[in-house]
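Asks: Here's the letter readout for the chains.
2 protein chains.
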Amino acid sequence: MIGWDIGGANIKVSAIKLKGNEIDSIRIIIEHFPIWKKPEKLPKILCEIKNRIYSKKPESMSLTMTGELSDVFRNKKEGVNYILDSASQAFNNYDYSVLNIRSKLISVDEAKANPIEVAGANWVATGWLISKKIRNCVVIDIGSTSTSIIPIMKGKIAALGKTDFEKLIVGELVYTGVLRTNVAAIVNEVPIKGAKVGISSEFFSQSGDIHLILGNISYEDYLTETPDNRGKNLINATKRLARVICADLEDLKKSEIIRIARYIYEKQIDQIMTGLEKVYSRLDPNNKREIPVITTGIGKKFLAKKAAKQLNIKKIVDINKIIDNFTFMATPAVGVAIMQAHKLLGRNVIWKH
Amino acid sequence: MIGWDIGGANIKVSAIKLKGNEIDSIRIIIEHFPIWKKPEKLPKILCEIKNRIYSKKPESMSLTMTGELSDVFRNKKEGVNYILDSASQAFNNYDYSVLNIRSKLISVDEAKANPIEVAGANWVATGWLISKKIRNCVVIDIGSTSTSIIPIMKGKIAALGKTDFEKLIVGELVYTGVLRTNVAAIVNEVPIKGAKVGISSEFFSQSGDIHLILGNISYEDYLTETPDNRGKNLINATKRLARVICADLEDLKKSEIIRIARYIYEKQIDQIMTGLEKVYSRLDPNNKREIPVITTGIGKKFLAKKAAKQLNIKKIVDINKIIDNFTFMATPAVGVAIMQAHKLLGRNVIWKH
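Protein chains in written order, with the working numbering: chain A, 1 to 353; chain B, 1001 to 1353.
Only chain A is shown next, with the shape it has when bound in the complex (with noise of 0.2 Å):
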């Protein structure tokens, strides 16, 4: 079972090995992608990846996308339809499903009659690999470059938002990432020697570089360009910041540095807590805070979890308390290969973790 998300800066890609119906083993492969770079490579790129995870022909594909928000498409549907056409392309023309906004695999054609149904649906598959394991639940999921949280109720995904417009409206997507988001995008001003400061709306610096300065990430999982083009390092992560407030390194103390990356930190937080609050207003009025959250992507640890003790969840869930080590870097990859599993076997895929 092989099982595609196609995103706007990262292909994803899951290999499963079944015996029965249960998983054998997941590999998982991410490639940085920046579609919006060089479109018109993505055939080929897709084509390269296929003969990485597979040497033999896979029993069957499965196939989940964001990257047709990109601005190098006109519209939703014309993103849609060139990243199935590559994808056809790449994969000579063996057949493969399409995941929708309703929880369904569909064929390449159908997906093509409706382009805005299987447009931004890759978080269906994270939510639907989560209700198979727990029946009532908020799942938050933390890119290199958005959030989504996907309420589960009753073992069905809950979510009011269908496209990505609507969850940005509800709270079921937080435009906030681990590694891409503009600096200037999360905050309008920083503490400067006690007073807030104004900030540069150029890009100059983005969130991998505050998780970088703050130790919450490492240069390994750095895995996207930067800014200015230069390392991933310390240094130049924090001149990166520094230029945020028109600064060279000299002009700033490494407390200063800090105090800057820990207040951006705190906002990135404030951002996904805002979205969670939306979603926990409508599941939970009361306030009981009893519905567990089930953290899951790169940002799990530092940004999810952190955003749901602020909104006093009782019981936070890491992802990997539930399946296999890896899954959280690529959880709609592995849901959708799952589901399409799941799918041609007509019976549930056990997972032991």
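Read the hints as simulated data drawn from the structure, not as lab findings. Where hints are given, some of them may not hold.
Which residues of chain A face chain B? A partial, calculated answer using Cβ under 8 Å [claimed, not checked]:
| id | residue |
| --- | --- |
| 1 | K76 |
| 2 | F165 |
| 3 | S200 |
| 4 | F203 |
| 5 | F204 |
| 6 | D248 |
| 7 | T274 |
| 8 | G275 |
Each computed DSSO-like pair below joins lysine-lysine, with the alpha-carbon atoms no more than 27 Å apart [stated by the list, open to error]:
| id | chain 1 | residue 1 | chain 2 | residue 2 |
| --- | --- | --- | --- | --- |
| 9 | A | K104 | A | K57 |
| 10 | B | K1193 | A | K77 |
| 11 | B | K1196 | B | K1154 |
| 12 | A | K112 | B | K1253 |
| 13 | A | K38 | B | K1041 |
| 14 | A | K267 | B | K1193 |
| 15 | B | K1305 | B | K1154 |
| 16 | B | K1162 | A | K253 |
| 17 | B | K1267 | A | K267 |
| 18 | B | K1309 | B | K1321 |
| 19 | A | K232 | B | K1132 |
| 20 | B | K1037 | A | K267 |
| 21 | B | K1133 | B | K1156 |
| 22 | A | K154 | A | K301 |
| 23 | A | K162 | B | K1041 |
| 24 | B | K1232 | A | K38 |
| 25 | B | K1315 | B | K1305 |
| 26 | A | K253 | B | K1112 |
| 27 | B | K1037 | A | K37 |
| 28 | B | K1288 | B | K1253 |
| 29 | A | K254 | B | K1077 |
| 30 | A | K41 | B | K1037 |
| 31 | A | K196 | B | K1037 |
| 32 | B | K1133 | A | K196 |
| 33 | B | K1343 | B | K1057 |
| 34 | A | K278 | B | K1133 |
| 35 | B | K1162 | A | K254 |
| 36 | A | K193 | B | K1077 |
| 37 | B | K1112 | A | K77 |
| 38 | A | K132 | A | K19 |
| 39 | B | K1056 | A | K278 |
| 40 | A | K254 | A | K133 |
Quick caveat, the model's predicted, so the values are computed rather than measured. Idealized CB from N, CA, C, for every residue including glycine.
Add chain B to chain A, keeping to what the hints say.
Replies: What follows is chain B alone, placed relative to chain A:
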């Protein structure tokens, strides 16, 4: 007299003809040149502009800059040196002066010895120019990318900040402008159907789209690239703004788009007001608001004037009441040329308007 203002996104040049010590004519050239994209082209483009603006050797040239802040340079020193080397090469070693933050025109060698003193000094030219006409005032110069707020007291620049970093702290630099400011750096949320909704943190839309949608600027004023490299017409600007909330055009009514654009516009005025308030609180601690504001730059009418009004400044003067028609589009380039003339003549340059 030729005055150069080499910014990060635009190169602006003024050519001033004198009769005795009186200005006979002012010509302006504005060339969009994002320095971070192809820094190696800078000497060539400067040379081309030079050939367009003067056929015979000009009497004298002077230069100021802000482009060194671009993250294509490792730090300001590297940026200053690169810009000066490019200019020297383009001008065929024809001599020119460089403006420093202490209102002095110095030699290229002196500038290279003190790069931090010439970095981001273009606001000094603007302040100096206006100080020759109005002894006490606060200048607001709003360009494509940023806003300078320059206090002038007793005929002298009375800025507290010298570097961009210091100016951000005291409110004399506000990083918001008419064209290039990322919408996600102006607001964190926008109003939709009566609620505040979080937005995408990508660079999907910029202030130029907002002002085009609201009719504050026209197609011809939109002198910069667009985030998606698509057109500068209303339909494309609207699409870009819709994408900020992950929406296609079909998802939103025209009235909803206008409401969102107005909200962003108001927040931009607030940003400028915050800086202006900091400056006035120092100059005018009793809140008399009698020190006049002089507005210049392409945002003088719909941003600077509005912010000053909102702060109850009693007298707001358009720069066109002070100097020739197009100066507002390149005030530092005009200022630095007149400074140079003033220095060479050893007496005040005068002009009618």
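Asks: Each hint should be assessed against the structure and marked as holding or not.
Replies: Verification of the supplied hints:
Checking A:K76 against chain B by beta carbon gives a least distance of about 6 Å; that is within 8 Å, so the hint holds. Against a cut-off of 8 Å between C-beta atoms, the interface hint on A:F165 holds, since the closest Cβ of chain B lies about 4 Å away. Because the beta carbon of A:S200 sits about 5 Å from the nearest beta carbon in chain B, less than 8 Å, this interface hint is met. Below 8 Å, beta-carbon pairs count as interface contacts, and A:F203 has one with chain B at about 6 Å; its hint therefore holds.
Taking 8 Å as the C-beta cut-off, the interface hint given for A:F204 holds, the closest approach to chain B being about 6 Å. With a cut of 8 Å, the hint placing A:D248 at the interface with chain B holds, because the nearest CB-to-CB distance is about 5 Å. Given hint, A:T274 at the interface with chain B, holds; its Cβ is 7 Å from that chain's nearest Cβ, closer than 8 Å. The criterion of a C-beta within 8 Å of any C-beta in chain B is met by A:G275, whose closest approach is roughly 7 Å, and the hint holds.
Of the supplied pair hints, the one linking A:K104 and A:K57 holds, its CA atoms being roughly 24 Å apart against a limit of 27 Å. In summary, the hint linking B:K1193 to A:K77 is supported, as the alpha carbons are separated by about 25 Å, within the 27 Å threshold. The hinted pair formed by B:K1196 and B:K1154 fails the criterion: a straight-line CA distance of about 46 Å is larger than 27 Å. Under the criterion of a C-alpha separation no larger than 27 Å, the hint pairing A:K112 with B:K1253 is consistent with the structure, at around 26 Å.
With a C-alpha separation of about 23 Å, the suggested pairing of A:K38 with B:K1041 holds against the 27 Å cut-off. Restraint check: the Cα-Cα separation between A:K267 and B:K1193 comes to about 25 Å, which is no more than 27 Å; the hinted pair holds. Distance restraint check for B:K1305 and B:K1154: the Cα-Cα separation of roughly 23 Å lies within the 27 Å cut-off, and the hinted pair is therefore satisfied. For the hint linking B:K1162 to A:K253, the alpha-carbon distance of about 19 Å falls within 27 Å, and the restraint holds.
For the suggested pair B:K1267 and A:K267, the alpha carbons sit about 19 Å apart, so the restraint of at most 27 Å is met. Taking the CA atoms of B:K1309 and B:K1321, the gap is about 18 Å. The hint holds against a cut of 27 Å. Restraint check for A:K232 and B:K1132: not satisfied, since their Cα atoms lie roughly 48 Å apart, outside the 27 Å limit. Under the criterion of a C-alpha separation no larger than 27 Å, the hint pairing B:K1037 with A:K267 is inconsistent with the structure, at around 31 Å.
Distance hint between B:K1133 and B:K1156 is fulfilled; the C-alpha atoms sit about 11 Å from each other, no more than 27 Å. Restraint check: the Cα-Cα separation between A:K154 and A:K301 comes to about 26 Å, which is no more than 27 Å; the hinted pair holds. Taken as a hint, the A:K162 and B:K1041 pair is broken in the structure, with Cα atoms around 47 Å apart against an allowance of 27 Å. For the suggested pair B:K1232 and A:K38, the alpha carbons sit about 23 Å apart, so the restraint of at most 27 Å is met.
Between B:K1315 and B:K1305 the alpha-carbon distance is near 10 Å, which keeps this suggested pair within the 27 Å criterion. A distance of roughly 26 Å separates the Cα atoms of A:K253 and B:K1112; the hinted pair therefore holds under the 27 Å criterion. The straight-line distance between the Cα atoms of B:K1037 and A:K37 is roughly 14 Å, inside the 27 Å bound, and the hint therefore holds. For the suggested pair B:K1288 and B:K1253, the alpha carbons sit about 44 Å apart, so the restraint of at most 27 Å is broken.
For the proposed pair A:K254 and B:K1077, the alpha carbon gap of about 21 Å is at most 27 Å, so the pair holds. For the suggested pair A:K41 and B:K1037, the alpha carbons sit about 22 Å apart, so the restraint of at most 27 Å is met. Distance restraint check for A:K196 and B:K1037: the Cα-Cα separation of roughly 32 Å exceeds the 27 Å cut-off, and the hinted pair is therefore not satisfied. For the hint linking B:K1133 to A:K196, the alpha-carbon distance of about 34 Å lies beyond 27 Å, and the restraint is violated.
Taking the CA atoms of B:K1343 and B:K1057, the gap is near 19 Å; set against the 27 Å cutoff, the hint holds. Annotation: proposed proximity of A:K278 to B:K1133 is violated, straight-line Cα distance about 55 Å (limit 27 Å). For the suggested pair B:K1162 and A:K254, the alpha carbons sit about 22 Å apart, so the restraint of at most 27 Å is met. Our distance criterion of 27 Å between C-alpha atoms is met by A:K193 and B:K1077, whose separation comes to about 25 Å.
Of the supplied pair hints, the one linking B:K1112 and A:K77 is violated, its CA atoms being roughly 53 Å apart against a limit of 27 Å. Using a Cα cut-off of 27 Å, the hinted pair A:K132 and A:K19 holds, with the two alpha carbons roughly 19 Å apart. For a cut-off of 27 Å, the pair hint linking B:K1056 to A:K278 is broken: about 67 Å separates their Cα positions. Pair hint A:K254 plus A:K133 does not hold up; C-alpha atoms about 45 Å apart against a cutoff of 27 Å.
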